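Visitor: Chain by chain, the residues:
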Amino acid sequence: MPERTVTVASRSGLHARPAKIFVQAVARQGTAVRIRVGDGKPVPANSMLAVLSLGAGHGTEVTLDADGPGAEEVLDSLADLLSRDLDAEEAPGA
Amino acid sequence: MAETAPLPLDPRAVRLNEEADGRDDAIRRCGEVLVEVGAVEASYIDAMLERERSISTYVGEGVAIPHGTLVAKDAVHHDAICVLRFPGGVDWDGEQVAVCVGIAARGDGHIRLLSELAQILLEPEQAQALREATEVSDVIRLLQPSREEPSE
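Chains G and A are the protein sequences, given in the same order.
Using our numbering, the first residue of the first sequence is number 1, and each one after it goes up by one.
Using our numbering, the first residue of the second sequence is number 1, and each one after it goes up by one.
Chain A on its own, in the form it takes in the complex (with noise of 0.2 Å):
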């Protein structure tokens, strides 16, 4: 394994057995895998409950997408996501929640992040899959940004 990812999702970043007691502890959960792989400081978790405090980052398709506050920044090593599974669902402020994908970014990298998460999303078949999923090469695989770009 290289030092830095090229990707921003670090195949040891992807778990898909996870259980949480409550939206908190799920966040605190990919705040912890965050800081594992090298990406962000520990006081990015603060941020990023901070930050869901503030409003949810629930975004539909039983997913959430925990990140910082935008003071947080200087607690980002590099741009990375990570992605939780938890199969037995998190309650998120009534919303069930089966996958959170956590964001840390420098800079604009999020908004080029979440555009292709949000793409990949949209299509309700991959969001299925992604909530299904039982291999970390499946997660992988189903957030390549770079499968097929939509023609200009």
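With the rest of the complex left out, here is chain G (with noise of 0.2 Å):
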């Protein structure tokens, strides 16, 4: 299965705001995303719940997964999007 693992750059870490950012753009692809802390546990990552649940920080490293059509591109998309600072953007289509 497709991967990608990536480091939080959110100054807050993947928590409330950056994490919210994050589960909307999942829930737009479609696909089934599910995302982990090292070897933890893969969760849903369209889950507000499952992913604040991670408590993954600032310079955690998170890894993707998705399987199916288009996968590869969803993944790149979803890892750009962590890889970013999101307290300091605006949401995006919020």
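No lab work stands behind these hints: they were computed from the structure.
Since the structure is predicted, the reported quantities are computational estimates derived from the model, not experimental observations.
Careful: at least some of the hints might be erroneous.
Here are the simulated distance ranges between beta carbons [as the list claims (entries may be wrong)]:
no.	chain 1	residue 1	chain 2	residue 2	range
1	A	GLY89	G	PRO69	38 to 48 Å
2	A	GLU41	G	GLY59	23 to 33 Å
3	G	SER77	A	ASP25	36 to 46 Å
4	A	GLU50	G	PRO69	40 to 50 Å
5	G	GLY40	A	GLU135	28 to 38 Å
6	A	LEU70	G	PRO44	25 to 35 Å
Per the computed footprint, the stretches of chain G lying under chain A, defined by three or more beta-carbons under 8 Å from a beta-carbon of chain A, are [said to hold, decoys possible]:
no.	region
7	16-23
8	64-72
Yeah, the Cβ is synthetic: ideal placement off N, Cα and C, and Gly gets one too.
Relying on the hints, combine the two individually framed chains into one complex.
Guide: Next comes the structure, spelled out in structure tokens:
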């Protein structure tokens, strides 16, 4: 299954605001994406509670995986999103 | 009661029968409770409202987690949460909120707090128990972070 490992760039980590932006972006893709920290259990990336439960701070490496058509592109765009400081940006489309 | 609470949840910060006239009013109530228990300065309340306007803190399961912006960290005296239950529900941009967990955290404290809270709410039975809690002790017990740690 295609994967991307990326370091969380948001200053405050993958918590409420950056997490929401990320979860909304996943939901728009319509592809099942999972996220995990290290060797932890992968959780659905379109669930706010699941993403928050990871406790991923600034600088935490997270791994995304997805399957199916377009998975590579979806993962690229989501990895790109996480590698930006989402605290410093307006929510896209929100 | 010791001057500083060892747990981020002070029993005095649990309010089970709140009413609010909309989202902002509910957030103000959360902020006021955090002020009352000495966790934040009053200026933190405006930061909570500002954060909410920027992006909703609704997380699912009828729960919202209002908290301040990064700039407001200086208004935080110590990490704390408050739990306000709104039996009548609060309209939260179209979502129905039954419980607000207000969060005050300095530094990276919020990451751990949010993670613990999210892990609790991911269990539907626990989320329901929180929404329907009628005793402060029930809420405290539900939100004890160190009950069972999953084995690494």
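Visitor: All hints, please: hold or fail.
Guide: Hint by hint, here is what the structure shows:
1. About 41 Å separates the C-beta atoms of GLY89 (chain A) and PRO69 (chain G), a value consistent with the hinted range of 38 to 48 Å.
2. Restraint check, GLU41 (chain A) to GLY59 (chain G): a C-beta distance of roughly 29 Å satisfies the suggested window 23 to 33 Å.
3. The hinted range of 36 to 46 Å is satisfied by SER77 (chain G) and ASP25 (chain A), whose Cβ atoms lie roughly 38 Å apart.
4. The beta-carbon spacing between GLU50 (chain A) and PRO69 (chain G), approximately 41 Å, falls within the hinted interval of 40 to 50 Å.
5. Distance hint check: the CB atoms of GLY40 (chain G) and GLU135 (chain A) are about 34 Å apart, consistent with the given range 28 to 38 Å.
6. Taking the beta carbon of each, LEU70 (chain A) and PRO44 (chain G) are about 27 Å apart, inside 25 to 35 Å as hinted.
7. Three residues within the 8 Å Cβ limit are the bar, and the region 16-23 of chain G against chain A gives 4, so the coverage statement holds.
8. Residues of the region 64-72 of chain G with a Cβ under 8 Å from some Cβ of chain A number 0, which does not satisfy the need for three, so the listed coverage is violated.
In terms of the numbered hints stated before, the structure departs from hint 8 and from no other.
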